[in-house]
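J.: Work out the full structure, taking the sequences as your base and the hints as a guide.
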Amino acid sequence: MKKISFLLLLLFCSVTSYAQFKGQVINAKGKPAKKISIRLKNKSVSTVTDSKGLFTLQGITPEDTLVIAASRKEDAIIPIGNMNDITVILQKDNFVVKSGNESYEKEYLWKKTRIANDNIITREMIEESTATNIYDILRYNIQGVKVIDNTDGSKIIIRNSPLEPLFVIDGLYFESSAEADARVSASDIERIEILRDGEGYGYRGGNGVIVISTRK
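When you line the sequence shown up against this note's numbering, it's residues 1 to 216, in that order.
Certain hints may be false.
[What the hints assert, rightly or not] Here are the computed distance ranges between Cβ atoms for each label pair:
hint, residue 1, residue 2, range
1, 32, 199, 41 to 49 Å
2, 176, 216, 18 to 26 Å
3, 92, 34, 13 to 21 Å
4, 29, 197, 43 to 51 Å
5, 104, 144, 32 to 40 Å
6, 188, 109, 22 to 30 Å
Calculated from the structure, these hints are not laboratory results. Heads up, the beta-carbon is just placed ideally off N, CA and C, and yes, glycines get one too.
T.: Now the structure itself:
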């Protein structure tokens, strides 16, 4: 009997951990907020809202926290808890979260971002931010470098190139941001340098190069 109960508990946890989470983001006028970046804090899970302001995320747990990029300088931070669908209203100074019969209002988290004119992000800049992965580190911090969030994941581009740059981590080459992000943790990065022409890397550097040095 105890064994059966344990198996049922494991099954329940599995269902809880991989539930589908749905929501909608609208603006203060009640209109859909489209192409809004949404991610899970401390996880490489992200998406964007569609033309109706709708979004869906997989693999949500009650312990997760939703981060909605309300603007370049403000994030809406929303603990998941027991919610499985929400409506978020983005207002000027705060945001409103509605789920079922519950509703609450909360202030935005002001992003600590700094534009690096020398194309270098230091360890100090990373520690000042709330970044937990390569995408968050590079988001808004280097002019000409963009993080594009899609429903199937995120990518990083330089100078509006259609392709991602070459990523070099401690001398090892990676062809995509997904590979690079899986390789290194934000807490281990000492320095990031953006090489826009990538001349020293031949044709592989044609879309630019992002050189990452870790704390060894």
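J.: Hints the structure violates: just list their numbers, smallest first.
T.: none
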